[in-house]
Amino acid sequence: MTAPHEGPQEAPIVPPEPGTIADLFREALPDIEFVASQGPVDVMLTIDRKDVLQVLRTAKDDPQLDLKYLRCLLGVDHEEAGLEVVYQLYSFTHGHGVTLKTRLPQDDPRVASAASVWKGADWLERETAEMFGIVFEGHPNPVPLLLPDDMTDHHPLRKDNPLAQVEEWQGSRLGAAAANVGHVPAGYESIAGEGGEPEGPSGESGG
Amino acid sequence: MVTEQERKLETIDINVNVGPQHPATHGVFRMVLTVSGERVVDVVPHIGYMHRGAEKLSENVDYRQGLIYQDRTEYLAQFNAEMCYCMAVERLAGLEPPERAQYIRIILSELNRITSHYMFIGAFATDTGVYGTAFTYAFREREYIQEIFDALTGDRMMYGYFRPGGVVWDVPADFKERVRWVCGQTRVGIDDIDRLLTTNEIFITRCRDIGVISRPDAIDYGLSGPMLRACGLPFDLRRNDPYSIYDRFEFDIPTGTHGDVYDRYLVRMEEMRQSVRIVEQALEQMPDGPIMPEKAPRRLRLPPGEVYMRTENPRGEYGIYLVSKGGEKPYRLKIRSACLSNLTALKQMIVGHYVADAVVILGSVDIVLGEVDR
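Chains as they are written, first to last, in this note's numbering: chain B, 18 to 224; chain R, 192 to 565.
With the rest of the complex left out, here is chain B:
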């Protein structure tokens, strides 16, 4: 299998112009460190995960920011650089928006739940939790949303969970089953006749 992305590169950090929403955040929360960058559409702010809840609360309640609308909440798996949780916020009154991001280490992916700030965060966090194995601490109902309830050990959108090539999947998973095609259970030989001889395992053809 070839690597899905040859040489992943990080986007360069271009600081936003003065006077953007990044300054409003720094004004409202002078003690918190923001790493600001200008994306193609929105300003992106990276914060430490311990500050997440405080920043989100302030973002919603501060009259200068007034980011009442949680548009989107998602996870990104940056492999060794950790997992990322992204909050996309918008203000109806000021018409501005921002992307807030926080990084979590791979071996301890915990972050405070935003469900107490926005009711709409509930399902979005449940989806992110099941897809990436991120634990949202304080979530009122941390059960899977889209995946089966017992599928708690498998996080499909993580990068260590590759979507195998179809041939590869057939080769490894169906290989054993495919070898059983034509297999006749003991005691049924007379019914199956001569055509029922099992074929040898076809390890590499696969499909």
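Read the hints as simulated data drawn from the structure, not as lab findings. No residue lacks a Cβ here, since even glycine has one placed at the ideal position from N, Cα and C. One or more hints might be untrue.
These stretches of chain B come out as covered by chain R in the derived footprint (C-beta under 8 Å, 3 or more residues) [as the list claims (entries may be wrong)]:
no., region
1, 56-69
2, 91-99
Short, incomplete list of chain R residues facing chain B, as computed with Cβ under 10 Å [what the hints assert, rightly or not]:
no., residue
3, G244
4, R439
5, G510
6, D564
Place chain R on chain B using the hints.
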């Protein structure tokens, strides 16, 4: 009057399972209603029956191939979803579609909004008990537009017509003429349905003051589209966060006053008329010219970067959060589903109403399970 004897009777709440295979759930949606008599006291929605991993699949194909998953995700407003995806890729790639392609995209997206709302009206009227008539009216009208899509793309459902940078081929010679005719026809069709439903007393009684959600709650739940506008907030991404060339057209943003099921219906009806207005203006302004940029690369390689692109789809804000780390494939592609966020408010809307109203309320959300589950 409740008699003394009846009062002494012991009652229990029972669970009623609705779906996933149920005619009123608009797809494979399942909800467990806890009812006390005829009143719903709790509702637990279950989704994910149609989860096909569109986000994961998109990470494993290149940018041109990934487009088709948009059709399969939002299968009632395919052009709108394709547009969002293409714009996200274009933003990172630095591509600018030519004028003619922009106009073709707008015309198709707005026509798609009309077909999607026709679908809503047909199904929703059936939910409220107007069985058959409204559905066939809506589908007759929808078919006129569907035929244009069919002639243009060769498919009735999975169009795959947009491309990052433009559209795949030019529209046929009679396109303008046909769209102009369909605009006139749609006005007639909307008026037909209007006369059938909007002032129908039974329909109003089924819809008025049902499933009310207040404006602060709607914002808190992250509702968007007609659900949010029915609460009286005139928020439309085409106006408030203009993308493509929407700033060139005149149109109104209909809003409701009560935030109930009836307002959601009215907002959608009016939106269809506004879409016709936009299509007519776009037809007038549409220039000749190329449909793809001259230097569009055959193999699209995006520089590293992240973008959240959003469009106003028939059901609300549809978003694509695209993370690129260089190369031909997305590193991560998140689909922000309008229906999923709209559904989060389902419990708040249903609890306290009758079981029969639960179906109407669910219908008013206008869910597409392909988009909810992705």
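Now the hints, each set against the structure:
no., hint, in the structure
1, 56-69, "holds (count 5)"
2, 91-99, "holds (count 3)"
3, G244, "holds, 6 Å"
4, R439, "violated, 20 Å"
5, G510, "holds, 5 Å"
6, D564, "holds, 6 Å"
The structure fails hint 4 only (numbered hints given earlier).
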